[in-house]
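Chemist: Single-letter residue listing:
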Amino acid sequence: MRASLFITCLADTLFPQTGRATVAVLERMGVEVDFPVEQTCCGQMHANTGYGHEVVGLVARFVRVFGEAEVVVTPSGSCAAMVREGYERLAMEAGDETLAAEVRELAPRVFELSELLVRRLGVEDVGASFHHRVTYHPTCHSLRLLGVGDAPLALLRAVRGIDLVELPEAEQCCGFGGTFAVKNADTSTAMLTDKLRRILDTRADVCTAADSSCLMHIGGGLARSRAGVRVMHLAEILASEDG
Amino acid sequence: MKGGFPQAARASLADSQLRRNLGHATSTIRAKRARVVGEVDDWEALREAGAQIKERALRHLDVHLERLEETVTRAGGTVHWARDGAEACAVVAEVARAHGSEEVIKVKSLASDEIDLNERLAAAGVRAVETDLAELIIQLGEGDSQSHILVPAIHRNRAEIAAIFRRELGVEVSDEPSELTAAARAYLREKFLSVKVGFSGANFAIAETGHVVVVESEGNGRMCTTLPEVLVSVVGIEKILPRWEDLGVMLQLLPRSSTAERMNPYTSIWSGVSDGDGPREFHLVLLDAGRTDVLADEVGRAALRCIRCSACLNVCPVYERTGGHAYESIYPGPIGAILTPQLRGLDQAPTLPWASSLCGACYEVCPVKIDIPSILVHLRGRVVRETKAEGLSERAAMGAMARVFSSRRTYEAAQRMAKLGRGPLASAALRPWTRSRELPQPPSQTFREWWREHRA
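Protein chains in written order, with our numbering: chain A, 1020 to 1262; chain B, 12 to 467.
Please keep in mind that the hints were generated in silico from the structure rather than gathered at the bench. Worth double-checking, as some hints may not be accurate.
In silico DSSO-like cross-links for lysine-lysine, where the CA-CA straight-line distance does not exceed 30 Å [stated by the list, open to error]:
#, chain 1, residue 1, chain 2, residue 2
1, B, K13, B, K399
2, B, K202, A, K1202
3, B, K43, B, K380
4, A, K1202, B, K430
5, B, K399, A, K1202
6, B, K207, A, K1202
Using the sequences and the hints, build the whole thing.
Modeler: Quick look at the structure:
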């Protein structure tokens, strides 16, 4: 299989280690990875903040850049959901039926990383080892928009040496929500604080998830409180070979 | 509305008693709902049926409403049409006056709160007496207001309620629930037996047969709709069901979604008046109050499917922390965030569509499948395009970001500037973020720089 990596603007700019890990895991599984350098951003922040009309061009750009791909893979449940669930509506709202049809054709080939591994490639053991206590936060869009189910957990359970502990009330939002985190900073912080309390209660060293954005939020809270707990993207744990 | 939701939420978030009361109440009812919904094998099919029934009702609303007028009139009722709250309240006041009554006993009704019925009746010299226990607590509590669709006093615990009863009813009660309800019962019983005018809203009104349906738990609704001489019901036009058999679906969806019961204790159904049984006069007031405007929005109008179960409030992580008062409307929570701005006008509640992290928990539980997150996003777009509520600096920032992402050249240039802490991509470093969260340090090498160096 040849997969085109959609890195997301956030991971590209701020979390390149997530992208490198994604490439490493896929190649270990025998997937050939390419990276179309013309890609930029999926436009989700604009669309979800009420500026969808500003980013119809990004929909067209995505289709142009990835249209020929065998499969598109991204280490973000949220950005995958934007393409699969949000793009057609953006195109229709702009009155561009041709673009909407192109989106419909491409969308089924767009996968979040754990979906591609478990549902498409049928693997759960990717040969990783990671000797730490880990708790997993299922991000809202991977759970409720994409329906990845327990694919990330299945992958984590197969990691050698991992001490995987369940996060209580795991399915509650961490309070990120894109611009919600700044437009409603107080409410967002209250949600984050409850999430952090539950993470700390697990005594985990690492909190992992399938979205860099939610991890940036949770990690930003953990770092601010000097909690001594770090966040790692799912791909980084799957890429780990610490013996 | 001055600072809107963000400002109102700040006050609620600081109330530790409120946070504790809400956290306890919502997590309890969430678990109960999940249990009783899990018992129903065809829950998803029921939800789909519920959604389709309401869609059908809304699509030909004019036809169903005229049918309802005809069937209610034939059954001996009188139908009134109210364009707004003032018109609806005037009908209620006029009925009370015609019957020489200075009091009206009320079944819990959101529509009545939406149109400030109690205040408007008071201005006309008529006192509205709430008979639902929680509504009574709110009415007696000084300066209090509802904070939940179904459990309006959810922000109160029983110690606070006991204090209100001691002060307002002059009774000696402990905070034992049985003592509190006994005190309310003694007060209300006298009202049920003496007040001549009853008032209700409705959960459903059936066009085909002219039946009005009130679903409740305490029996006060049965009292108010059967004991008085005359009954007035104010019903939003979206409450209509086309056919009698539609009710079967709704009565399965509503109790499990709202009180997490298999069936609610009291369901009162009546059409018009019956000789020697119940009120001798029945008035049905069909209320628009902005609903026709909501119908005009093809995406937003799905909000009118709502059957007021409040499942979306109980699962909402925002509501669980801010409570209902932050929404500054009788309709709080996710459904309120899409309903209030549409009913009042976007410029009257422009911050509400943003009072959500778009986590999607509300859509998952909605018994009539209202895609609340998509409607929130749609309304955000309308606020941006149709009002001046979103400031120029945000518009400028969004425009600049859109230009950055429009080409590889501008995007890569912005990435280089971000490393130096400058430019549009670094402007994410907003103070509201850093007040409670660290920002990640930009790495020395972006992913694409690594790719070019090692792979390309």
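Chemist: With reference to the structure, classify each hint as holding or not holding.
Modeler: Hints and how they fare:
Restraint check for B:K13 and B:K399: the C-alpha separation of about 14 Å stays at or below 30 Å, so the hint holds. In summary, the hint linking B:K202 to A:K1202 is not supported, as the alpha carbons are separated by about 47 Å, beyond the 30 Å threshold. Of the supplied pair hints, the one linking B:K43 and B:K380 holds, its CA atoms being roughly 20 Å apart against a limit of 30 Å. Taken as a hint, the A:K1202 and B:K430 pair is honoured in the structure, with Cα atoms around 25 Å apart against an allowance of 30 Å.
Distance check on the hinted pair: B:K399 and A:K1202 sit about 16 Å apart at the alpha-carbon level, within 30 Å; holds. For the proposed pair B:K207 and A:K1202, the alpha carbon gap of about 50 Å is over 30 Å, so the pair is violated.
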